[in-house]
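Required output: the full structure, derived from the provided sequences and hints.
Now for the letters of each chain:
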Amino acid sequence: DQQVKQNSPSLSVQEGRISILNCDYTNSMFDYFLWYKKYPAEGPTFLISISSIKDKNEDGRFTVFLNKSAKHLSLHIVPSQPGDSAVYFCAARGRDDKIIFGKGTRLHILP
Amino acid sequence: DGGITQSPKYLFRKEGQNVTLSCEQNLNHDAMYWYRQDPGQGLRLIYYSQIVNDFQKGDIAEGYSVSREKKESFPLTVTSAQKNPTAFYLCASSIRWQGKRYEQYFGPGTRLTVT
Numbered sequence: 659d660q661q662v663k664q665n666s667p668s669l670s671v672q673e674g675r676i677s678i679l680n681c682d683y684t685n686s687m688f689d690y691f692l693w694y695k696k697y698p699a700e701g702p703t704f705l706i707s708i709s710s711i712k713d714k715n716e717d718g719r720f721t722v723f724l725n726k727s728a729k730h731l732s733l734h735i736v737p738s739q740p741g742d743s744a745v746y747f748c749a750a751r752g753r754d755d756k757i758i759f760g761k762g763t764r765l766h767i768l769p
Numbered sequence: 040d041g042g043i044t045q046s047p048k049y050l051f052r053k054e055g056q057n058v059t060l061s062c063e064q065n066l067n068h069d070a071m072y073w074y075r076q077d078p079g080q081g082l083r084l085i086y087y088s089q090i091v092n093d094f095q096k097g098d099i100a101e102g103y104s105v106s107r108e109k110k111e112s113f114p115l116t117v118t119s120a121q122k123n124p125t126a127f128y129l130c131a132s133s134i135r136w137q138g139k140r141y142e143q144y145f146g147p148g149t150r151l152t153v154t
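Protein chains in written order, with the numbering used here: chain A, 659 to 769; chain B, 40 to 154.
Accuracy of the hints is not assured; some may be wrong.
Stated by the list, open to error - Here's a subset of chain B near chain A, in silico, CB distances under 10 Å, partners left out:
#1 Y74
#2 S88
#3 G97
#4 K109
#5 T152
Claimed, not checked - Computed footprint of chain A on chain B, listed as stretches where at least three residues anywhere in the stretch have a Cβ under 8 Å from a Cβ of chain A:
#6 80 to 86
#7 114 to 125
Just so you know, these hints were derived from the structure itself, not from any lab. Glycine included, every Cβ here is placed at the ideal spot set by N, Cα and C.
Take a look at the structure:
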């Protein structure tokens, strides 16, 4: 049973436009949500996190939105750049420090 | 220069042999994790540890063992009981900042190939 779901395996976005990556979760006990960027054969790079008591967190070009009632979060990247092409993982942390990942969304930034 | 180190980058073993993957962090983080990634899959949690001398099974712990004798180190042993050990293994550590921000950092990974 997948507790963290990323339903879009891939996404293509024009350079300079906004990229929106989506994530759904089932466990209402998650207290933090995290986004990562990953290149092949490398460890994921932490991008941004949000506490379950907030609905928005911003860091430079990255903004994460949390809708608790819908159990949904999204990562917005504005403007999208060629170096943003990678696989993006959504993750959620339970109160026991267990962190569960989605299967990832591959983002392609088109020139 | 703080971070997480995993060694070696590539590891080859014969079937039936146990192998231990190293993970060290100098970030002073309390919690540490082991994940594996298979092609087309997300990261699946093997084991995690919140404090020294304590650890919990993740979703796919069968065939693996860990120890946490020091805060900085969380080695993972892939035993011969693990049916499909060939994978990319990732170690991570995490910290919560004053209850307001949570961050988890990963090492570069170890690619294990068992033949």
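Looking at the structure, which of the earlier hints fail to hold? When the structure is compared with the hints, numbers 4, 5, 7 turn out to be violated.
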